[in-house]
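Work out the full structure: start from the sequences and follow the hints.
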Amino acid sequence: MDLSTVILLLDSSVRLATPLLLACLAGLFSERAGIIDIGLEGKLLIAAFFSASAAAYTGNVWLGLLAGVAASMVFAGLHGLASITFRGNQLISGVAINFLAAGMTVVIGESWFALGGRTPQLEGAGRFHNITLPFAEAAQGVPFIGPIYHDLISGHSILVYVGFLMVPLTWWVLFRTRFGLRLRAVGENPAAVDTAGVSVVGMRFTAVLIAGVLCGIAGAYLATGLSAGFVKDMSAGRGFIALAALIFSKWRPWYALMACLLFGLLDATGSLFQNIQVAGISVPVQFMQALPYILTVVILAGFVGKAIPPKAGGTPYVKEQ
Amino acid sequence: MTETASADVPYAIELMGISKAFGPVQANKDISLQVSKGTIHGIVGENGAGKSTLMSILYGFYKADAGDIYINGQLTHIPDSQAAIRAGIGMVHQHFKLVENFTVVENVILGAEDGAMLKPSVAKARKLLKQLAEEYQLHVDPDSVIEELSVGHAQRVEILKQLYREADILILDEPTGVLTPSEANHFFRILDGLKAEGKTIVLITHKLREIMRVTDTVSVMRRGEMTDTVPTASTSPEELAEMMVGRKVLLRVDKQPAKSGKVVVDVRNLTVRDDQKVERLKDVSLSVRAGEILGIAGVAGNGQSELLKVLGGMIPATSGTIEMNGAAIDLTGKRSDGQSRRARGISHVPEDRQREGLIMPFMAWENMAFGYHNDPAYQLNRLLMDNNALKRITADKMQSYDVRPPDPMLAAKNFSGGNQQKLVVAREIERNPDLLLVGQPTRGVDIGAIEFIHKQIIALRDQGKAILLVSVELDEIFGLSDRIAVMFDGRIMGERLPDETDERELGLLMAGVSEEKGAA
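Here the protein sequences line up with chains E and U, keeping their order.
Read in order, the letters of the first sequence correspond to residues 4 to 324 in the numbering used here.
Read in order, the letters of the second sequence correspond to residues 103 to 622 in the numbering used here.
In short, the hints are calculated from the structure, not lab data.
Since the structure is predicted, the reported quantities are computational estimates derived from the model, not experimental observations.
In silico lysine-lysine, DSS-like type, Cα no more than 30 Å apart, as pairs: (1) E/LYS314 / U/LYS226; (2) E/LYS322 / U/LYS515; (3) U/LYS309 / U/LYS165.
Here it is in structure tokens:
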């Protein structure tokens, strides 16, 4: 494998890791506040659909992004309403959101565009294009560092950079600010937050809505950055992989980055090396594509060690007598 | 400013005509209370008497239906905890409101941060904590994580939290329930120190001895009403108990000396390792004779639970032997479960009645069958259970054990703690066991019910049965036991006769100080 192949593989990994990372951080905010979010998948999907639709309709990808984030936030709000306000079961609410998104996108898509659930192909200003970082062209000639900078670091859509910058930002918010302290506390012991005179409901809703925003960006990236339009079920289980990455990362932002890059790498390997030969036997392409999922099972079953989730996760807060 | 007191200094707390109902239940009825500044005021009452509701109203957890609150003479509206904190009121709850995986300093600043960034708050808190620690003997490492702290230290954090918020009025809800005697003594010294600094303290407790030891005035609540407020110096525990229950109560258990017979259960070199391979019981040997009560004293979590569970067939033993009436019983495998134990004449009133003794959503008569569902008296034929017989038997037992209300169709969760415990005690004692295992028989139980349960245990002893009692309440251990064994760190530290020891000596044993070390 020469340098350019490695760079190609890593470049692809970065693109594929981005939606995972954003969704994973979304889950991190939500679950750190004690709200389990298995509706990441549904939020990704609904955001992808509405961002593609709005971008196709207006021809402006930024309006698309806005529409995607808004749709995802509406779904996040639903999840909050069900699980915080009405103290419903968070898993069921999440499942409902996934079903709702899977159904709604196809039905509305067919009614609006009559393309079998697709949105029209996005072109020009309707898509996020790759941006070239300063000096990328100039640096291209420098051996080793040049190609890495030009081909790997430079030349991604703006949302990729947003995704990666979210990691230090999330860490900083969680561990260096008052908001983060309260958010983590509300996921561990909401009664402590309540008696300290801080609104548990307010904190949890804020966290859930932040998850909505991040999922919205991830979904918009899927439809307007990674591909050029919405396709039925295009989230393809990424919300669940993000959930796995979240457990794998033990609800920590930097670990989440590592976990998502790993899953991105596996995904990229699967699509880049479709015909791989191991000891003379060609590995079926399906196996390569299934690898991320197999690895998820293996990792979660044995290699994570003890992943201790936020203590109050999944339990609605009720003031005791 | 409204003048509310005849004295020049207004009362720190003055409640006027506070009422609060939850549905049909009137939790607080027209309650008035005055607490002078710089005093310690005790509130006693049975469970459900309305103490906690009243304090929750003062702390803004509940809104009163009627009545006014004056803080330092000023009419104060307290719609939420934030308002209570602003008014200088701090509350230490019975179950600590701490974030277990946060450090002390993080817990202290939570909700009282100075700005959006943590760093300045942490720095300030660290400095202030050091100062407060010196001032009030509240030493605790600001960087240790709560889950690594002892209960006594965690409680200090709770108090520090309130002091950090500049609380002048501290409400303490059952603060000593989880402390060892020496921790409790230290705690009282802290309270004295706080009082000397002019803080006002409201102490809710059911331990009358503590009321006598530390308070200046005491109020008694019964069935949602404030029955009386008296200066502590002019009352006695007996009088307080009578006011709480509404009739004369025997605080001291009335019993004859034991007429102990042959050894019923003989435990030799019992060792138990848990799933993490930690030794919970270390080489424990003891025996209980017919007609005597062996009391096991100790701070919770020092192996008493495991001892009860092995004897009761809930967990297997790693090594050692147990002989029941001279014949060994299985400590592992199929014949070591609760049912086999019951067949050998061992009944068990488990420590945690809500998790181990009862199924809370099930009705009383269903709960009455547990462990004995194969009893022929409960069978209609080989297939079906005789539910009607079971209900009838349950109703009889409820009558004779004074379970209120005596309704077999009521779910276990709808009974008060004391009545739940009576259900369990009735079920286990009525099987006429040779050995009764009793864990924390009166935890969270009203004074009236405590008296009743204690009488039943003594009566069983007087029938010549062996009883193994585990309790963290030293008063209970002293009151019931014919012999006392103290456990610490999975070991029996020593055995004493109740007449030949005192609380101080037991306290030392409970803290792991053995005779040899104590003498050195």
